[in-house]
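Q: Residues per chain are reported as follows:
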Amino acid sequence: MVTAFYIASAVAIAATIMVITRTQAVHALLYLIVSLLSVAVIFFCLGAPFVAVLEIIIYAGAIMVLFVFVMMLLNLGPESAQQERQWLNPRMYIGPAVLSLVLLIELVYMINQGLATVYSPTVVAPREVGISLFTTYVLGVELAGMLLLAGLVGAFHLGRRRERREHGTDTTTQAADTESSPNVTVGEDS
Amino acid sequence: MDIEYQALWPVIIVAITSIVVLLQAAITRRHAVALGLTIVGLIAAFIAVIGVGPLLPQSVGVLLVMDGFAQFFMGLIIAAAIVTAVLGYAYLRRRNEQREEFYIVLLLATLGSMVLTAASHFVTFFLGLEILSVSLYVMIAYLTEELAALEAGVKYLILAAASSAFLLFGMALIYAEFGTMQFGPLADALAAAEDLSTPIVLVATALMLVGIGFKLAIVPFHVWTPDVYTGAPAPVTAFVASVSKSAVFALLLRYFFVTDGYQFDTVMIALAVIAIASMLIGNILALIQENVKRILAYSSIAHLGYMLVAFIAGGDRALEAVAYYLIVYSLAVLGSFGIISLISPEGRERMSLEDFRGLFWQRPRLAIIFTILLLSLAGIPVTAGFVGKFYLVLAGVAAAHWVLVVVLAIASLIGIYYYFRIMAVMYARRDTPAASTPTVSLSGATLLGLLAAATIYLGVYPDQLLLLIRRLVLTL
Amino acid sequence: MAAIPLEHGLLLAGILFSLGVIGLLVRRNVIFILMSLEIMLNAAGLAFVAAGARWGQADGQVMFVFILAMAAAEVAIGLALVLQIYKRLQTLDIDLASLLKG
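Protein chains in written order, with the numbering used here: chain R, 5 to 194; chain L, 3 to 478; chain W, 63 to 164.
FYI, nobody ran anything at the bench for these hints, they're computed from the structure.
This structure is a prediction, so every number in the text was calculated from the model and none was measured.
From the three backbone atoms N, C-alpha and C, an ideal C-beta is built for every residue, glycine too.
Do not rely on the hints blindly, as some may be mistaken.
Claimed, not checked - To spell it out: a stretch of chain R is covered by chain W in this simulated footprint if at least three of its residues, at any positions, have a beta carbon under 8 angstroms from a beta carbon of chain W; those stretches are:
{"hint": "1", "region": "29-35"}
{"hint": "2", "region": "40-49"}
{"hint": "3", "region": "129-139"}
{"hint": "4", "region": "145-157"}
Required output: the full structure, derived from the provided sequences and hints.
A: Structural data, given as structure tokens:
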């Protein structure tokens, strides 16, 4: 368990360094996901299985998917072609793949050890976290709900596409142009 | 575990109101109805704030504590939110934008601020701050057609999120060291600790101060202020300057008084340096601005510096002085940004000094109101600002912080110059015919008149408010 | 069985946090800045979980859940703003998007 902690830590640090040094947003995102997954392993080692699962489902799952969606929506024009070329370069895969593999081996090893014998004198089980959340911290849960409501209303308002306005029509046509241009080139090629 | 919720009615009412406005927007989009519901909800919350008086003080679980202190600041926050809503109505009516969401996020921001004033635990501290921040991102960037507003929103978001991360890391270190996140037990743990100057505690306190300092816009963390004040819609700027700062200052007061932050000499010295830097840099940079919103932004940095002088002094006198000054300051900034929001026509906001040239000859009443508010900010006698500053100085003198008091006096003198500069421009005659100004909404003008009247009243008869402050705030 | 010292958990959180700060400072693209913010918030959450593990309390994990909620709200609004700005300026460079003078 202790070894797992240190390996995961090393992976997390390495992946995070990669995140902040990448030039392509998608590559950085891949490394960020690796980093979050290794932090999940660390949570597990620290005796916090509940948040380890949350880290994977919500952080690496939901929040990162949000990033992916926005990157798709941005459709970064001429840069995206260049990005595509680099994307095909297998070297860009090696890093995230090796790091993920280390994590995977670690996870498999830990599961084989059996959860009951997993180290930690202070495992705080999901049950305890749940009880704590809905007794002592129930007001906090309500407030977190209001926080998410603010986020929801805000994202709705700020992310809205506007029609029947000058700016709106301009950008719509531009978006249509950029969307149609790859098709045109494809047509010319064929 | 049973938790007593009765004392929490003001917070609950504001939360319910936000959901009611949300549902109303889903059913039928009517701007006036949204405003009406918001105002009714806020007034109900205000009545509830007064109504819960006999129940106080009451701990709501471990997370919140409703006492006179929270009651006082909740009252201030709700009143300021009502003013913001009315100003926002007059402002949004002239804009081509979905309007109802503004009231939802305004109510949520108010909710977050109210939670901050009653927070007695890191969880509510953090959640209150975040509800406030997330709502503010939306309010600042509300006019999505304006690039300046979007940019201000992104800047505020990045810096606020970074400062929240610092704050959280500081909290985590304190929790790691002492094993509790509740202010009361934390104070016991701190008192029981033999050596308080361990690096981890100092680093943690410093990290938390980064987070709080950002929200208060005191000097090393002030860089966002001018951009956000200028880019945000004027009613939102009024809200950021008054409510958000009052709430965070209230929290800072509670945290430092309960956990006795005054025992950290290093922290107090750092705060003194921050106060001096805020007063001087804020005022000096305000001198060279040509934009009224920017002048007010830099001056707000200085005003927070003034309040820190009393805060550093500590004790009951400091609480009294800071509470009084926060009221005075909120009245003045709400009014000042209200003026800007009322005289701005559709499209561009009027905020350069030139826009104010000859305002007195066009709109004498608004100009007189603005004059009163500026005099109050400058701290001229007969206005509330003078009384407020007098108490700040008194607190500083009582604690014998002579350097701080002298800097406060010098900084105030510098401040007078740029406030009078705005006034001189307003009373000058224009050579060119002025651009047409929009019709000023009656409700907005009346409200600003009330703010100015309150400023004069509190300057002449400060006793009643002081008595109220002694009765409520000193319960901390 | 050897235990993981609390210091190492906090140290790791500290390292990740500083990397996040470096990213925040170095990058100019808003998307990268938002990622760096995520790293910082995640590191703060890690510090809470490590602290909670030290005391054997659920509080650290509870705080992490709230940080998660906050990070989600933050990212949602941040990315909505990114979309709006990109639509207007066709760039995500935070320095180019400087209409307001500091």
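Q: Now tell me, hint by hint, if it's right for this structure.
A: Status of the hints after comparison with the structure:
1. 29-35: Contact hint for the region 29-35 of chain R vs chain W: holds, 3 residues under 8 angstroms.
2. 40-49: holds (count 5)
3. 129-139: holds (count 5)
4. 145-157: The restraint on the region 145-157 of chain R holds, since 6 of its residues have a Cβ under 8 angstroms from chain W and three suffice.
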